[in-house]
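Peer 1: The lines below spell out each chain.
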Amino acid sequence: MTQTAPRRKLPLKERYSLLTRDLDWEPSYVTKEQLFPYTSYEGVKIHDWDGWEDPFRLTVDAYYKYQAEKDKRLYAVLDGFAQSQGHLGLADASYLNAIKLFIQGVTPLEYAAHRHFAYLARFLEGPAPRFAALCQSVDELRHCQTQIHTISNYNKYYGGFHSWSKMHDRVWYLSVPKSLFDDAMTAGPFEFLISISFSFEYLLTNLLFVPFMSGASFNGDMPTMSFGFSAQSDESRHMTLGLEAIKFLLEQDEGNVPIIQEWIDKWFWRAYRMSALVAGMMDYMLPKPVMSWKEAFELYFEDQMLGGLFPDLEFYGIRPPKHVQDAIAEKDKLSHEVYKILHNFSFAAAFTTQAPSESHMRWLSEQYPATFDQYYRPVWEKHHRIEAGGGRVFFQGLPQLCQICQIPMVFTEKDDPAKTSFRTSEFRGETFHTCSDGCQWIFEREPEKFVQAWLPVHQIYQGNCGGPSVPEVLEWYGIQDGDNGEYKGSPDQQSWVDWHSGDGEQGV
Amino acid sequence: MAVKALYSYDFPSADRAELFGDDQLVYVHWEGNPVFCSAACFRVPKAMAFAEFVETVVGPWAGSDPDFDPASVGDWRVNGQPLGAPGDAPLTELGIGHKALLQFTA
Numbered sequence: 001m002t003q004t005a006p007r008r009k010l011p012l013k014e015r016y017s018l019l020t021r022d023l024d025w026e027p028s029y030v031t032k033e034q035l036f037p038y039t040s041y042e043g044v045k046i047h048d049w050d051g052w053e054d055p056f057r058l059t060v061d062a063y064y065k066y067q068a069e070k071d072k073r074l075y076a077v078l079d080g081f082a083q084s085q086g087h088l089g090l091a092d093a094s095y096l097n098a099i100k101l102f103i104q105g106v107t108p109l110e111y112a113a114h115r116h117f118a119y120l121a122r123f124l125e126g127p128a129p130r131f132a133a134l135c136q137s138v139d140e141l142r143h144c145q146t147q148i149h150t151i152s153n154y155n156k157y158y159g160g161f162h163s164w165s166k167m168h169d170r171v172w173y174l175s176v177p178k179s180l181f182d183d184a185m186t187a188g189p190f191e192f193l194i195s196i197s198f199s200f201e202y203l204l205t206n207l208l209f210v211p212f213m214s215g216a217s218f219n220g221d222m223p224t225m226s227f228g229f230s231a232q233s234d235e236s237r238h239m240t241l242g243l244e245a246i247k248f249l250l251e252q253d254e255g256n257v258p259i260i261q262e263w264i265d266k267w268f269w270r271a272y273r274m275s276a277l278v279a280g281m282m283d284y285m286l287p288k289p290v291m292s293w294k295e296a297f298e299l300y301f302e303d304q305m306l307g308g309l310f311p312d313l314e315f316y317g318i319r320p321p322k323h324v325q326d327a328i329a330e331k332d333k334l335s336h337e338v339y340k341i342l343h344n345f346s347f348a349a350a351f352t353t354q355a356p357s358e359s360h361m362r363w364l365s366e367q368y369p370a371t372f373d374q375y376y377r378p379v380w381e382k383h384h385r386i387e388a389g390g391g392r393v394f395f396q397g398l399p400q401l402c403q404i405c406q407i408p409m410v411f412t413e414k415d416d417p418a419k420t421s422f423r424t425s426e427f428r429g430e431t432f433h434t435c436s437d438g439c440q441w442i443f444e445r446e447p448e449k450f451v452q453a454w455l456p457v458h459q460i461y462q463g464n465c466g467g468p469s470v471p472e473v474l475e476w477y478g479i480q481d482g483d484n485g486e487y488k489g490s491p492d493q494q495s496w497v498d499w500h501s502g503d504g505e506q507g508v
Numbered sequence: 001m002a003v004k005a006l007y008s009y010d011f012p013s014a015d016r017a018e019l020f021g022d023d024q025l026v027y028v029h030w031e032g033n034p035v036f037c038s039a040a041c042f043r044v045p046k047a048m049a050f051a052e053f054v055e056t057v058v059g060p061w062a063g064s065d066p067d068f069d070p071a072s073v074g075d076w077r078v079n080g081q082p083l084g085a086p087g088d089a090p091l092t093e094l095g096i097g098h099k100a101l102l103q104f105t106a
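Heads up: the protein sequence lines correspond to chains P and W, in order. Count the first sequence with full-length UniProt numbering and you get residues 1 to 508, in order. Count the second sequence with full-length UniProt numbering and you get residues 1 to 106, in order.
Hint data in this document are derived by calculation from the structure and do not stem from the laboratory. Some hints could be false.
Taking beta-carbon pairs under 8 Å as the criterion, some of the chain W residues facing chain P (in silico) [said to hold, decoys possible]: (1) S8; (2) F11; (3) A40; (4) W61; (5) G74; (6) R77.
We put the CB at the ideal spot given by N, CA and C, even for glycine.
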């Protein structure tokens with residue numbers, strides 16, 4: 001019997017090189033410019049695409065094997081949770097309002113990111129960044145799918161989980177995340193990398209995702225916590241891609257530095273403004289709060305990014321984002337101002353809200369000693385008085401929106417929490433309103449782009465959203481009776497009480 | 001700074017006045033009342049009399065605060081400028097144009 005020597009297995013580095021960079025080729029019957037038409041018009045200069053360092057050196061086979069194992073673990077948790085009626089172990093049914101906001105607002109962004117990284121995987125000139133974009137594109141699709149599968153379990157028992165994809169395209173508060181991604185996807189490939197990979201995934205990802213995942217774990221939501229873990233190793237890869245992208249672009253040409261700086265200035269503010277929804281969620285929507293927005297902002301942004309990352313970037317001539325001091329100045333106000341919107345308008349949302357209870361207000365006072373008792377407690381106490389008399393204040397009309405972030409114009413001047421901040425710009429004879437110096441600066445930098453903003457309120461008034469009355473608009477949104485309004489007395493709360501008193505039949 | 005694009009970048013505004021015909025959008029902000037998170041946006045006829053606007057548009061909106069007293073409404077400003085005594089004049093004659101911001105105290 002002849003014995004064959006085992007085939008030599010290539011070292012990882014060599015395999016990676018053969019399977020990624022060596023699969024690149026020089027075009028012969030088209031020019032490089034025809035093959036890669038989008039990598040020059042933004043003004044960014046790349047002299048050597050091979051200067052891109054690949055921090056992970058993954059190959060496709062290793063990548064799929066690793067992801068498949070993570071999927072198996074996640075789906076085992078989901079099955080166990082569904083079979084054991086795990087939803088009854090949540091802290092309270094009102095917790096799920098945070099998860100409704102997640103599937104309506106965040107999950108569609110995963111899909112949008114998948115689409116745009118697939119585009120980068122085709123159109124970036126270097127094979128290494130193309131491959132990194134390909135992996136991220138597949139990651140984002142997987143995140144979208146695992147989130148749908150995880151969260152759809154709740155759709156059997158609770159309102160607000162159906163039609164999330166349609167809602168993302170149509171509903172007013174969801175135009176906040178949607179318009180941010182639309183803005184990024186309609187920019188060039190390098191601006192997209194700085195917007196999503198750097199400003200969103202690197203600067204703010206911990207602020208955006210950790211609160212949801214810790215909130216899930218504190219409030220008994222094992223499935224959401226599990227998909228958080230399953231996505232976490234991908235997220236750290238994405239953060240590394242964001243950092244590699246910015247360092248690569250900065251090292252390639254000195255002329256890139258001012259272009260990148262403006263994108264950091266713009267995209268920090270856009271991503272930060274969107275994170276205001278997370279701030280409201282953290283401080284008001286979790287029955288068992290994890291940490292306050294302010295504490296998370298100080299830890300994940302001020303300490304880690306301003307204290308850790310930006311001193312490193314100074315070497316390249318990059319300074320902290322232009323309006324970063326305005327964000328810091330808002331940290332005692334942001335969540336209160338934003339949750340007020342959700343409370344005012346939840347009759348037109350696919351989740352419910354409630355005024356914070358006495359014990360929750362005590363927690364808020366402790367977290368926000370400088371502002372809560374002076375500015376926000378008296379207003380919530382007024383809501384309590386109105387509700388004790390059988391009322392409930394909803395905003396009888398539509399709000400004024402910011403042209404850039406599309407959030408109702410609730411933000412206040414940085415030195416006065418009682419004075420609403422209005423900024424106005426004129427362009428081609430028309431007036432445009434923005435909520436802050438940051439949003440006004442973004443508008444005035446590219447007014448031709450932002451005059452096209454699809455502002456939900458103005459679209460309703462133009463007759464483009466199902467009709468002029470609230471019921472017609474809600475129907476067009478896909479919002480059903482009971483998805484919306486006040487939490488107390490809602491179908492979700494009633495079922496919850498019935499199930500826990502042993503009266504209710506589940507899942508019918 | 002112009003938008004960087006591969007083609008001539010020129011698109012109309014999504015909310016330009018002509019799309020609203022004889023109507024226009026007006027924003028109303030009740031200053032210093034935190035029960036309402038933000039200013040409201042209304043679509044109203046350009047020719048609507050100011051007094052009618054206050055009674056039929058602003059009143060029902062502000063009235064969802066049970067402490068609202070229509071008699072105390074005053075100190076009107078348009079885009080930051082005092083409005084004087086507007087009375088029955090139509091909105092446009094008072095300088096209240098498309099997407100104007102009106103503020104009052106009560």
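Peer 1: Now look at each hint and say whether the structure bears it out.
Peer 2: For each hint, the structure was consulted:
no. : hint : in the structure
1   : S8   : violated (10 Å)
2   : F11  : holds (5 Å)
3   : A40  : holds (4 Å)
4   : W61  : holds (5 Å)
5   : G74  : violated (18 Å)
6   : R77  : violated (11 Å)
Hint violations for this structure: numbers 1, 5, 6, all remaining hints satisfied.
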